Amino acid sequence: MTKEVHPFERYLRGGMIPHIWCEGCGNGIILNCFVHAIDDLKMDIDKIVVVSGIGCIGRLSGYTNTDSYHTTHGRAIAFATGVKLANPDLTVTVISGDGDLFAIGGNHFIHAARRNVDIKVICANNFNYGMTGGQYGPTTPLNAWTTTTPYGNIEHPFNLVHLAAASGAVYVARWTTLHVRRLVESIKKMLQKEGFAFIEVITPCPEIFGKRNKMATGIEMMNWFKKASDIQNNSDPAKAGITPERIVLGEFVDIEKPTYDYLLRDMILKVQKRVRGGE
Amino acid sequence: MAQKDRTVLTGKHFWEGDVACAEGAIAAGCRFFAGYPITPATEVAERMAQRLPEVGGIYVQMEDEISSMAAVIGASYAGVKSMTATSGPGFSLMQENIGLAVMTETPCVIVDVMRGGPSTGQPTKPAQQDVMQAKWGSHGDYEIIALAPNSVQEMFDLTIEAFNLSEIYRIPVIVLGDEIVGHMYERVTIPSKEAIKIVNRKMPQISPEKYAPFKPDKDLIPPMAIFGQGYHFYATGLTHDEAGRPRTDSIEAQKKLVQRLCDKIRKNVDKIVKLEKIMLEDADVAVVSYGITSRAALSAVRKARQERIKAGLLRLVTVWPFPDKYVAEVAEQVKALVVPEMNYGQLVREVERAAKETPVKFLPKLGEEPHKPIEILDALRRAHK
Amino acid sequence: MIAMPMRMWRKPLDTAKVKVPEGEVHIIKSRCKGCGFCIEFCPKEMLESSEEFNERGVHPPKVKDKSVCAHCSFCEAVCPDFAIYSVKKECKDGC
Amino acid sequence: MSSPQPKPEEEIRIGVYVCHCGLNIAGSVNCEEIAKYAATLPHVALAKDYRYTCSDQGQELIKKDIKEHKLNRVVVASCSPRLHEPTFRRTCEEAGLNKYLFEMANIREHCSWVHLYEKEKATEKAKDLVKMAVAKAALLEPQEEAVVPIIRKALVIGGGVAGIQAALDLADTGYKVYLVEREPSIGGRMAQIDKTFPTMDCSICILAPKMSDVGRHPNIELLTNSEVKEVKGYIGNFKVKVLKKPRYVTKDCSACNDCVKECPVTTPNEFDVGLATRHAIYTPFAQAVPSTYIIDRNICLNKDNIITCDKCIRACERKAIDFDMKPETVELEVGTIIVATGADVYDPASLVEYGYTKYSNVITSLEFERLINAGGPSGGHLIRPSDMQIPKVVAFIQCVGSRSEKGGRPYCSNVCCMNTIKDSLLIKEHWPETQIYVFYMDIRAFGKGFEDLYKRAKKEGVIFIRGLPADIVEDRKTHNLWLIGENTLQKELYKVNVGMVILSVGIEPQKDSEVIQRLFTLSKTSDGFFMEAHPKLRPVDTPTGGVFLAGCAEGPKDIKDSVTQASAAAARAGILMSQGKVTVEAITPLVIAEKCQVCGLCTRVCPYNAIISSKELKKTEVIEAACAGCGTCGAECPYEALTMRHFTDEQIHAQIDAATEMNANKKIVAFCCNWCSYAGADFAGVSRMQYPPNVRVIRTMCSGRVAPKFVERAFARGAAAVLVSGCHIGDCHYINTNIQTQKRVERLWKKMERLGLNKDRLQLAWISAAEGEKFASKIREMQNVVGKVTKEEIEKSKAMTKEKAG
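Protein chains in written order, with the working numbering: chain A, 33 to 311; chain B, 4 to 388; chain C, 762 to 856; chain D, 9 to 814.
Quick caveat, the hints were computed from the structure, so don't treat them as lab data.
Every value quoted in this text rests on a predicted model; they were computed, and no experiment measured them.
Be careful, since some hints might not be right.
Unchecked claim - Computed cross-link-like contacts, DSS-like style, restricted to lysine-lysine with a CA-CA straight-line distance of at most 30 Å: (1) K74(A) - K269(D); (2) K203(D) - K220(A); (3) K15(B) - K305(A); (4) K221(A) - K327(D); (5) K568(D) - K544(D); (6) K532(D) - K782(D); (7) K44(D) - K289(A); (8) K129(D) - K237(D); (9) K271(A) - K249(D); (10) K220(A) - K849(C); (11) K780(C) - K253(D); (12) K237(D) - K253(D); (13) K15(B) - K128(B); (14) K269(D) - K778(C); (15) K221(A) - K849(C); (16) K249(D) - K221(A); (17) K74(A) - K213(B); (18) K780(C) - K796(D); (19) K767(D) - K796(D); (20) K772(C) - K366(D); (21) K203(D) - K778(C); (22) K107(D) - K782(D); (23) K334(D) - K225(A); (24) K15(B) - K79(A); (25) K311(D) - K221(A); (26) K221(A) - K253(D); (27) K220(A) - K259(D); (28) K327(D) - K225(A).
Turn these sequences into a full structure, and let the hints steer you where they fit.
Listed below in structure tokens is the structure:
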């Protein structure tokens with residue numbers, strides 16, 4: 033029989049698949065949706081840069097057949113800022129985890145959003161630090177069990193979409209790895225949007241998180257998403273909570289405002305004009 | 004009307020060192036600055052904020068030094084010469100990503116205008132306390148290049164030099180200034196644009212399919228593709244092979260990579276190192292010095308000569324890689340070496356190591372002000388006996 | 762959908778003419794990690810776990826009934842491992 | 009609001025008018041005698057009998073007398089107040105007499121027509137009825153009617169041709185109209201039909217323009233795929249909740265059909281009666297309004313909120329598909345409502361002898377319409393399902409599901425005869441060689457141009473045979489069909505072989521018409537269609553003020569009649585809205601503060617929350633506009649602190665007393681609610697159903713008004729039996745007030761048991777406006793009870809008043 037070739041093969045870095053992610057992990061679905069969106073938009077992949085931080089999903093930049101950079105823990109957005117400002121023709125996407133982006137990298141996230149730098153951020157939220165064996169993180173639900181919350185988590189988690197909206201992101205959405213169609217459309221929208229755009233993707237982590245929280249398989253976690261998800265487009269992100277009973281999904285923010293890059297270029301042109309005129 | 008070229012402000016100027024440094028960067032082709040305000044380096048940022056837009060460059064003030072360093076690396080990968088400027092506390096924060104820059108072989112320049120530490124220490128006082136941090140500050144084995152200007156003119160000249168070296172060797176280069184050279188006003192002479200030698204990184208000459216981002220040429224330095232040109236390459240802070248693929252479990256890959264990262268500097272020390280040998284021909288005592296201290300050392304040596312003491316000065320313009328060989332030569336020739344440093348003993352350890360049996364007299368200086376020539380002269384007198 | 766409660770018991774006259782897209786599922790067994798998403802969420806429930814093991818020791822999915830595939834390609838979209846995809850069947854007698 | 013009391017010194021002068029109604033009354037009642045008798049009654053200033061009291065002369069006479077004889081009360085003994093009370097009330101007003109000082113004695117529907125053959129007894133009863141009316145009249149008081157504004161917006165329910173016509177008429181008049189249709193498109197049955205009789209117009213060709221007019225009309229807001237869920241309020245001021253179900257396709261849809269080509273799931277198309285296929289995303293038919301497509305989530309692959317298949321989304325250039333659409337409840341405020349919910353088609357499968365669903369070549373007339381339609385599944389070719397061949401011989405069978413007591417419905421479905429004739433001509437037009445049989449009971453070609461069409465069919469050679477087939481047998485090989493039956497004209501058996509049989513199926517009420525019935529408290533006829541307020545004089549009104557009927561919801565009818573009726577309904581609604589206000593009958597309660605103990609019982613029983621008693625303020629208040637005047641609060645109040653205007657305790661007591669004055673022990677006192685049971689009694693009269701003449705009906709607005717003490721008083725006065733009757737549970741005109749009635753009667757029964765009385769003497773009956781026969785038989789049945797009642801029991805039952813009920 034002939035060799036099977038996946039339609040998205042050309043978007044994947046040669047020799048890198050199969051990836052390192054566990055059975056039932058949703059990171060691969062996020063990768064799948066990301067290249068799906070690029071394919072739909074017929075984008076010039078030469079102009080796409082994928083940046084990731086540290087953690088399971090951090091490996092993603094190695095799997096996309098694009099210019100990619102795998103930064104230090106938490107610094108993906110800061111690196112991406114440098115790239116985007118230095119070459120505005122590039123579409124710079126940061127794909128990283130909840131711990132990377134919102135614990136060690138939290139400061140960079142809010143400031144990039146505040147500046148409205150034209151970078152796209154996809155956060156794979158698996159509710160814990162998977163790569164290091166399942167410690168609690170900034171998104172771990174209250175009372176959840178992890179290796180460092182052996183008596184249940186006593187910290188309140190971040191509401192990422194609320195945080196993003198409050199920090200000034202121009203596009204904010206949340207989906208799960210089961211809502212692939214909506215996720216792909218959402219990523220397409222994000223890629224075409226100008227400014228700091230953010231998508232949170234709830235992703236199953238059965239091996240590390242699920243097994244400790246009564247969801248031993250990816251299917252169980254995906255069925256939880258199916259059961260609990262409630263799509264509330266354009267609703268108040270402050271109310272978009274995540275509980276065992278209800279995961280509020282949807283597009284929460286979609287606004288226009290001048291990007292940092294635009295204002296910067298604009299300023300430079302003005303200054304240069306003045307200079308030409310000679311002070 | 005013809006555009007006024009503002010990239011090189013040819014002519015004579017009366018500037019402080021931080022300004023000269025910024026001008027040097029622009030002259031060298033730097034078009035991206037990411038930083039965070041800190042005394043006594045703030046003036047570099049301020050000058051860049053004002054000047055970069057004039058030449059179409061980007062100034063961005065980040066939320067901290069960690070992100071500043073990350074952004075500098077990002078800009079460099081996007082093909083723009085980039086730098087940051089900071090001082091002790093900020094320099095500490097940058098170490099993480101300096102390590103990343105070393106690992107991903109990123110051309111970029113870090114200006115460290117040294118001040119008194121540890122910790123917040125004495126923001127407005129000069130010091131030479133980051134010399135070792137410049138070499139060992141980030142974790143793991145690596146080589147790095149650090150230059151130590153001792154005048155406002157050199158803040159200009161050596162910043163250009165720093166960029167050239169970083170482009171040649173794909174490595175972060177540190178300009179180790181201090182509060183005095185940073186804030187001191189002196190006359191600076193800027194040559195014509197043509198007279199300034201600029202080096203740019205080596206680009207791949209092969210097709211993207213064949214390109215392996217970390218496959219070195221004979222000189223051990225891999226040609227550097229930049230984002231957006233269709234090379235679709237991958238760079239990671241993880242140990243990687245020539246194709247850039249992570250090799251976290253292969254000892255071979257680790258050895259191969261780390262060795263090359265060090266060797267590309269070690270094997271090129273002669274090309275990299277810059278020194279000043281003053282009155283060393285017949286010297287039997289010598290001062291080994293760098294940075295601002297070397298100016299006090301020079302006048303001390305002159306006075307010593309008036310007292311018929313055969314004194315000489317070996318000034319290290321390049322402190323890293325450390326020029327062992329040259330220090331050793333001098334050490335063999337003299338009976339003793341005098342090493343003044345504005346710290347409690349850092350580079351002197353390297354000198355001692357290179358000097359072998361030759362006695363080394365260390366003159367520490369902590370805080371407030373630099374060495375007085377007379378202090379160094381006394382040391383020479385004693386060493387001469 | 763229409764609430765007109767009329768008895769509709771006949772096979773529509775145009776059944777033969779009406780063409781619906783049909784798909785053909787391809788499975789790259791070696792890549793499968795056996796998460797089972799494709800099987801669990803196939804709206805046509807046309808996939809099932811196979812008996813065979815692949816080199817990573819899991820049972821890749823296999824097609825239960827290929828005639829029902831609607832070429833929605835959800836299996837392709839939800840597969841984390843790029844191990845399954847569906848292609849549109851080129852239907853004969855030109856449609 | 010308190011009504012102006014008649015000045016105490018004013019002497020009460022009642023004028024009584026006994027109507028002959030030609031021979032309708034005079035035929036079985038001695039009117040002169042009654043008039044003479046009336047003159048002897050207290051307060052009666054004059055009593056006359058007259059041939060047609062409702063005539064102009066009759067009314068003039070009354071007016072003249074009022075002025076000349078200073079009459080301050082008027083009683084007319086004639087037909088049902090449900091018919092002519094408004095007429096005579098107007099007469100009084102024209103003479104300057106408050107219309108609430110008028111009372112009627114129903115001696116036609118309740119007397120002359122139901123006792124055709126016992127003139128003496130009927131006359132005696134008529135006297136009683138007049139006496140009761142006079143007794144009440146003496147206690148009548150003038151009332152001022154509250155005026156409520158009418159919202160100048162209308163709701164039309166149902167987007168068939170009737171609903172469309174009604175909506176357009178109202179919208180063109182300038183009123184805002186909400187048209188609610190539960191299907192994805194308006195058009196209804198007419199859109200499915202190929203040609204219309206007798207003119208043979210292309211049905212959709214004449215309907216489609218009207219449909220798009222609706223879609224475009226600035227005054228019409230079209231809500232398709234929507235259902236009315238809740239109705240509150242009253243005439244002129246309805247609050248309606250409509251559930252708008254999601255289409256999952258937005259208005260951006262350009263109906264380009266690209267999505268359909270991609271959609272992988274199919275199902276039989278309802279519009280083509282399952283003869284053609286549709287996809288999960290579809291439009292029911294080409295001319296649908298709105299043209300926006302819709303997704304059938306029942307068959308769509310995308311369940312819950314997971315999109316597995318995004319084929320349509322990707323196919324849609326205009327991004328018009330939105331699986332996140334959610335059902336929304338729209339709240340409408342309207343002044344008038346037109347119910348045009350249409351009808352259903354009879355399902356012939358239950359008539360096994362015709363073999364529908366057993367033999368593929370037996371089809372229904374609706375399937376025929378789709379087959380013969382050029383836009384239909386066969387492109388207009390009349391093909392037989394078995395082999396897709398055009399049959400040489402076809403047979404129509406009439407009255408399938410109609411005019412049959414055993415299989416289907418007892419009534420005539422009105423349109424089938426002409427429809428068949430039309431269809432037969434269509435076949436002849438396309439395939440002249442075809443041999444056509446029509447098997448019928450009677451051919452009813454009663455309408456304009458119908459007979460001509462019938463003749464044409466005969467001329468074209470269509471063979472009409474009287475006598476429906478007894479059986480149909482299929483030839484296994486050819487799938488031809490043998491029709492076996494008797495030709496009742498030639499008195500001979502026939503056995504006809506045909507290629508295809510078309511069952512001319514009847515029309516039946518919507519399966520779920522109860523829903524609408526409950527929402528608007530409508531009545532139904534025995535056929536199950538909605539009942540008009542009056543068959544002759546208010547044919548498009550319903551008993552519920554502000555609610556009107558149009559189309560087949562009211563009864564089987566053809567397109568022309570539906571459209572006519574729709575325009576009529578629109579006109580009726582328009583009248584209300586153009587007036588802008590309506591007076592509500594002054595039958596709401598007044599609170600007598602000094603008697604009220606603020607116990608809150610009235611509040612608890614009021615179905616409209618129209619009466620509020622506040623312990624804090626120590627008072628009870630009636631919200632005039634919200635009150636519908638059922639009177640159950642008055643019945644509930646233990647302190648007699650509520651006066652039900654125009655139905656006061658005193659007035660009802662007076663009626664009871666009058667009814668029981670003479671040989672009470674032979675009489676039945678019946679309390680009938682205005683909307684169902686009294687109307688039912690009227691219907692018995694209209695239908696001349698005979699029953700014993702010893703019943704005396706007292707009309708209350710609702711059976712909920714019947715206080716236990718009324719019943720007790722009747723027994724105390726020696727009545728042999730008492731009947732309390734109202735609308736069926738669930739059909740109560742006042743939401744659910746008749747449940748109170750039931751409780752009260754049950755309490756009374758317990759009490760009777762305690763006192764050792766025969767419970768059968770008190771009966772409770774639910775009788776709808778259509779159940780005349782039920783009323784009649786109830787009275788017959790109670791007659792037996794009356795026969796058995798002994799003197800002792802009568803005496804014993806007087807004890808009832810001594811002890812409070814329950």
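Which of the listed hints are not met by the structure? 2, 7, 8, 16, 18, 22 and 24
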